[in-house]
Amino acid sequence: MRLIVARCTATYDGRLSSTLTSAVRLIMVKADGCVALHADVGAYKPLNWMNAPNTIDEEPDRWVVRNPKGEVLTIELEAVLEDVSYELDTERGLTLDGVERELQELLADHPTHLEAGLICIQREFRTDLGPVDLLCRDADGAAVAVEIKRIGEIDGVEQLTRYLERMERDPLLKPVRGLFAATTIKPQARVLAESRGIAWVEVDLGRLRGEEDAHLRLF
Amino acid sequence: MKLRAERAEFAEAVSWATRTVGARVTLPALSGILLEAQDGKLICRATDLEVAAEISIPVQIDQPGRVLLPGRLLSQLVARFPDAPVTLSADADRVELTCGRATFHVRGMQAEDFPTLAGPTEDAPQGRVKADAFARLVSQVARAAASDEGRPVLTGVHLEAAEGQLTAAATDSYRLAVRSLTWEEAVDGTALVPARSLQEAAKAASEVGGSVTIVLEDGQVSFLFGDRRLTTKLIEGSFPNYRALLPDGHETSVVVERAGLIEALQRVSIVALGQANTPVSLTFADGSVDLQASNQEMGDAAEALPAEIDGEGLTISFNPGFLLAGLEANGTEHIRIELRDGLKPAVLRPHSADGEVDDLTYLLMPMRVN
Numbered sequence: 001m002r003l004i005v006a007r008c009t010a011t012y013d014g015r016l017s018s019t020l021t022s023a024v025r026l027i028m029v030k031a032d033g034c035v036a037l038h039a040d041v042g043a044y045k046p047l048n049w050m051n052a053p054n055t056i057d058e059e060p061d062r063w064v065v066r067n068p069k070g071e072v073l074t075i076e077l078e079a080v081l082e083d084v085s086y087e088l089d090t091e092r093g094l095t096l097d098g099v100e101r102e103l104q105e106l107l108a109d110h111p112t113h114l115e116a117g118l119i120c121i122q123r124e125f126r127t128d129l130g131p132v133d134l135l136c137r138d139a140d141g142a143a144v145a146v147e148i149k150r151i152g153e154i155d156g157v158e159q160l161t162r163y164l165e166r167m168e169r170d171p172l173l174k175p176v177r178g179l180f181a182a183t184t185i186k187p188q189a190r191v192l193a194e195s196r197g198i199a200w201v202e203v204d205l206g207r208l209r210g211e212e213d214a215h216l217r218l219f
Numbered sequence: 001m002k003l004r005a006e007r008a009e010f011a012e013a014v015s016w017a018t019r020t021v022g023a024r025v026t027l028p029a030l031s032g033i034l035l036e037a038q039d040g041k042l043i044c045r046a047t048d049l050e051v052a053a054e055i056s057i058p059v060q061i062d063q064p065g066r067v068l069l070p071g072r073l074l075s076q077l078v079a080r081f082p083d084a085p086v087t088l089s090a091d092a093d094r095v096e097l098t099c100g101r102a103t104f105h106v107r108g109m110q111a112e113d114f115p116t117l118a119g120p121t122e123d124a125p126q127g128r129v130k131a132d133a134f135a136r137l138v139s140q141v142a143r144a145a146a147s148d149e150g151r152p153v154l155t156g157v158h159l160e161a162a163e164g165q166l167t168a169a170a171t172d173s174y175r176l177a178v179r180s181l182t183w184e185e186a187v188d189g190t191a192l193v194p195a196r197s198l199q200e201a202a203k204a205a206s207e208v209g210g211s212v213t214i215v216l217e218d219g220q221v222s223f224l225f226g227d228r229r230l231t232t233k234l235i236e237g238s239f240p241n242y243r244a245l246l247p248d249g250h251e252t253s254v255v256v257e258r259a260g261l262i263e264a265l266q267r268v269s270i271v272a273l274g275q276a277n278t279p280v281s282l283t284f285a286d287g288s289v290d291l292q293a294s295n296q297e298m299g300d301a302a303e304a305l306p307a308e309i310d311g312e313g314l315t316i317s318f319n320p321g322f323l324l325a326g327l328e329a330n331g332t333e334h335i336r337i338e339l340r341d342g343l344k345p346a347v348l349r350p351h352s353a354d355g356e357v358d359d360l361t362y363l364l365m366p367m368r369v370n
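From first to last, the protein sequence lines stand for chains A and R.
Under this note's numbering, read the first sequence as residues 1 to 219, first letter to last.
Under this note's numbering, read the second sequence as residues 1 to 370, first letter to last.
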């Protein structure tokens, strides 16, 4: 992680525009490329940010961060007071939110909701990049790594890609294929997953919960 | 910045802007309401980056300017203002509000941090519809949208403008509501609008009256009425192909007096209150519809009313809340229920002897009963 304390201004152009006037702030750049701009107040909330995937064009006094949606965050550095980088341990981060935890539990018990013949071997399978939600075996006995999100976006696919690269190095697991599961998966995430040979499945939480059995559905 | 405003108008503007937008705040500036005074008007703006609201009121301006104030605090204050004109004067980040003998000093936020709201572009396709027709359309359809965020696409209302019609559809997978109205505007397009935002727009349309201009753009839709504008992001994803769900025939059709059926249903379903899986069964036979509900803990209830039945009699069970919503969406004295069997969806339509009814279809899946 790279941490820069600098007097800076920032403008964000995208669907909306916003400007931050000159002040001393913290710029945080994470290993996955996310850039966040923090003030000394506001707890965890950055003043502005740009999630990965993005590109950072870095010049001595100006950064231009762009993402595939065409949004642009421009940071003008007036004076850099500190610029340090540290290797942090990689981990999953915060515990799963309620829906994701529930999805993980239910899919671990009913993996065939994802794919016929799938068997769950382990929940939270540890890799040195963090735990994979589910390690499964398919009908042919091949390993399947399942990443579960409430909303499936590009960063979930990127996360699963990193896990797969790691798991492929394990001779006891390879070949490993990926399966991305969420209640809804955004079109860009689907395209990215497909381009990387990762299957994706949208999961109906209500159906999975098995509640409201008596209610028939239109679809 | 210095201005004078009428209390009622000011209070209404502030409260509309803040409540329309909701409480989700990801940047500190989004908890604020931006007040901008120029050219004889005060414009109040609020946004949570998903929905943006803007309202303008006439004011007396001594000095133009703008200020960003905490939204919740301001709306609580103005709700309690005495009945007297309001004076607002802002100096750097300190704002003084006086109303009658009450004086408040409020610390403002950096106005520059408030995101510029993307209003509708000049040449975006737009069309107008009467405010009351729009409000009615939304009210009849949005009730069928899902409230569970588990499937975000189902939390929206699908709007489609094509061939002189504006069609709205919503479904939560248990029921589907579709309504079309004539819309002779040269606008074609579709949008999946969050039901909550659409309902806020409809509410504003009812309050303001007149007509609503709907502006359809890539990724957002704006509703303009009188002195107000609501812009909302659209939901990404594919709405189900609802037209394929509409049955193309029926075995039995029933016409029954709507108000009577609603009252009977409300009475009978009291035993189902709070019991998510307790259905109400309707038996159509011999010129009447018999409603029944029972619950082991609460008890049971039954009531019958006359019905005109064309076709074979049958029994079908529904979620009472879903059925009630479908009955209430219709505005006619009688309602027509089209059925095939106890496990296939029923279709509710308005019924009138002179044939002048809304083009409304409410499709409702039954509940399975052992």
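Treat the hints as calculated values from the structure; they're not laboratory data.
It is possible that some hints are incorrect.
Think about it this way: if two alpha-carbon atoms lie no more than 30 Å apart in a straight line, the pair counts; the simulated DSSO-like pairs of lysine-lysine are [claimed, not checked]:
no.	chain 1	residue 1	chain 2	residue 2
1	R	K41	A	K45
2	R	K233	A	K69
3	R	K41	R	K2
Please read all numbers here as calculations on a predicted model, not as lab measurements.
Verification of the hints:
no.	hint	result
1	K41(R) to K45(A)	violated (34 Å)
2	K233(R) to K69(A)	holds (15 Å)
3	K41(R) to K2(R)	holds (12 Å)
In terms of the numbered hints stated before, the structure departs from hint 1 and from no other.
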